[in-house]
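S.K.: Here is what each chain is made of, one letter per residue.
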Amino acid sequence: MKFWGVRFGSIAAAVLGALLLQGVAGHFGDFIVHLVVLAGLYVTLAVSLNLINGITGQFSIGHAAFYQVGAYSAGYLATRFHPKFHGPETIWLVIVMAAGALGACIAGLIVGLPSLRLKGDYLAIVTLGFGEIIRIVVQNQDALGASYGFTVAPRIQIVSVVWLLAILCIAVCRNLLKSAHGLTFLAVREDEVASSAMGVNVTRTKVTAFIIGSAFAGAAGALYAHAQAFISPSLFTMDVSFIIVTMVVLGGTGSITGSAVAAVILFYLPEKMRDLSEIQNSKILGFSIGLILVIVFIRQMMEKYHGPKATKGWIITGGVVGGVVISYILAAILHAIPALQGVTEGSKLRMVVFAVTLIVLMLLRPQGIFAHHEFSLSWVAKLFGKKDVPRVEVSA
Amino acid sequence: MSLLQLDQATIRFGGLVAVNAVTFKLEKGDLFGLIGPNGAGKTTCFNIITGVYKPTSGEISFNGKVISGTPANKIANLGIARTFQNIRLFKSLSVLENVVVGGFLRHKTPLFSALSYLPSAIKETESLKAEAMELLKVVNLDHVANVRSADLSYGMQRRLEIARAMATQPKLLLLDEPAAGMNPMEKEELNVMVRKIRDEHGMTVLLIEHDMRFVMSLCERIVVLDHGEEIAHGPPAEIRNDPKVIAAYLGEAV
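So the sequences go chain by chain: A and B.
The numbers in my numbering rise by one with no breaks, and the one at position 179 of the first sequence is 179.
The numbers in my numbering rise by one with no breaks, and the one at position 204 of the second sequence is 1204.
Simulated from the structure, these hints should not be mistaken for laboratory data.
The beta carbon of each residue, even a glycine, is placed where N, CA and C say it ideally should be.
Zero decoy hints are in this set.
In silico BS3-like links for lysine-lysine, alpha-carbon gap of 25 Å or less: (1) A/Lys-119 <-> B/Lys-1074; (2) A/Lys-2 <-> B/Lys-1123; (3) B/Lys-1123 <-> A/Lys-178; (4) A/Lys-178 <-> B/Lys-1091; (5) A/Lys-178 <-> B/Lys-1108; (6) A/Lys-178 <-> B/Lys-1137; (7) B/Lys-1065 <-> B/Lys-1171; (8) A/Lys-119 <-> B/Lys-1091; (9) B/Lys-1091 <-> B/Lys-1187; (10) A/Lys-119 <-> B/Lys-1054; (11) B/Lys-1129 <-> A/Lys-178; (12) B/Lys-1171 <-> B/Lys-1129; (13) B/Lys-1129 <-> A/Lys-2.
Label-pair distances were calculated between CB atoms; the ranges are: (14) B/Met-1001 <-> A/Gly-9: 54 to 60 Å; (15) B/Ser-1002 <-> A/Leu-118: 36 to 42 Å; (16) A/Leu-35 <-> B/Ser-1127: 45 to 51 Å; (17) B/Gly-1015 <-> A/Glu-132: 40 to 46 Å; (18) A/Ser-376 <-> B/His-1210: 43 to 49 Å.
Using the sequences and the hints, build the whole thing.
M.R.: Next comes the structure, spelled out in C-alpha cells:
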C-alpha cells in the first residue's frame, strides 16, 4: 500500500505544483502566462524528442512536423466542433490533446516504419525530409488555410494543463528508464545487432519510441494551437525542429532532466533579450574579446591542469572575474575610437547572443549540461561534496 | 531428432562463397567445436545460424523446425543465444543491466505497465535483476555488477557476454572465440565454466576457438572448416591427426 501512497502523493504534488505555477504566472499578466505556456510546450517537445534521439538513439530532426500535425488536428476540431461544445475549457483541451496525440501517432507510424530502417545520418536526412513534406503538403491544402493558416477559436491557455502534459511526458520517460523495458530501448541505442541477438525486436522498439515521442509532440501541438489561437505552416518550419534538437543536445543527449532544463533556458534566453536596451558598440567588442580570452583560458585549464578540483575551480573563477575586468578596461579603451562610439539596439543582438551561448556551452561542456545524469537526491548530495557509495575497484 | 542440423548450408557474398555446403548435426548436450584457419567461414556460419544472414541455399533446422531466414530476434526466442567475436556489449549500461536485457525476452508485462510504472512491471524488473545477479555469480562478475560494462577488462567483458547470452535461457549457446585475449589462467577458468554451463545449466554449446589446446581439451566433437568447406569432422584425437587439417593449418609438404 506504500506504493500507491507514494504514487498518489506524487500525482497530487504534480497537480498542486502546476496549479501553483498557474497562480503565480497569472499574477504577472497575460504575456507572462503565454511565455510560461510556451516554455511548458518546449519542455514537452524536448523531452519527447529525447526519448527518440537520446534514449533510443535514433537521430530524428523532423519533430516540428508532429507538433504541426497535433496543432492542425486540434485546429480542425476546434473549428468544426467547439461551437457545439458546452463543457469546461479544461475538458476541451484534454479532448484536443488526445486528438492531436492520435493524429501525430499515426503520422509517426507512417513516417517511422519505413525510415527507421535507416541509421545515423541517413535517418536524420529522411526525418528532415518527411518533416518538410508534411509542412509543404499542409501549405498546399486550401481546406487547411494553405500558407495563410487559419484562426483557432477560442484562445485557451491554461498553464496547469500545459505543465501537467510536460510532467506526464517526463514521468513516462522516467518510468520507462526505471523498468527492464527501458533497458531494451537503451540496448537498441548501444548495439542493434547484439539487441536482436538477445531477442529484442529492434524495429518494434524504435517505432514504439518514435510513436510515443510523436504523440507527446502532437499533444503539445494541440495546446499550442489553442494558445496561439492561430496556426500556419510558417510556425512549424525546420527552425523549430532544430531548436528542439539543440535543446536535447545541449541538455545532454539521453538525460531527461537535461532536456527539460535546456528547453526552459533556450526558450527563456531569446525572450529575455527582447527587453535589452541600447548597448555601446565599444562594450560589445570589448566583451566579445573578453569572452574569447576566458574560453581559451578555461579550455587550457581543463586540458593541462591536473591539480585538486577545488583549486581548479578557484582558478577558473578567478579567470572569469579577470575576463570581466579585462572586458571593461578594453571597452573603456575602445570607446576612445570614434568609429566605436555609436550604440546598437540590444534586441537586435537577440539571436547573436543565443548563438554565442550555444557555442560557448558546446566548447566548454560538449557532453551537454547534464551529460548522461538525471536529477535525483543522491546526485544533489554528490554535487555538494558528499561521498557516493563506494565504487568497486575494477580489475580482473 | 538433432538439436541443430545444418544441411548443405551455403552463403555467397557476390562471387565469394563464404560457407559452402556445410552439413553437420549437434545433439542435445554436445560440447561442439568449430575450428579452422582465419577466413574459413566460422563466424559466418554462426551468423547464418543466428539469423544475422540468410543462407543462399541449404537448410538449417533447430529442434526439427526450419529456422533459415527467420529474423535474429525470433531465433533468440526459439532458444539460440550467442556471443560475439568482436565484443558487442551495451557499453553505457552497467554489467547487471546488460544481463537484464538478455533475460528480457521472457518478460510478460506489456509496455504500458512499464510506462505507468505499475507494480507488475516493477516486480518483473526486480526479478529479472535477481536472475541476472545469479548468472553474474556463475561467471564471477557479481562483484562488479554496477560498473559500466565498457570499463571492464577484456576477459571480464567476454565473460559478461556469456552471462548475457545465458540470460536468454537458450537450449543452444554459441560462443565465438570466448578465450580470445585471455591469459592462460583465465582460459583455464573458462574451460571449467563452459563445462559447468553444459553440465549444470543443461545448455548445448557450440564454440569457435583458435586456441587448439583449449578446443582439444574442452570439446568432445569438432568440425573443421577451410575456405568455407567442411574438411574434417570427429572427436579431437582424430582431428589432431587428420592430414587435411594439418595441411589447412600448416600448409602441405612440398
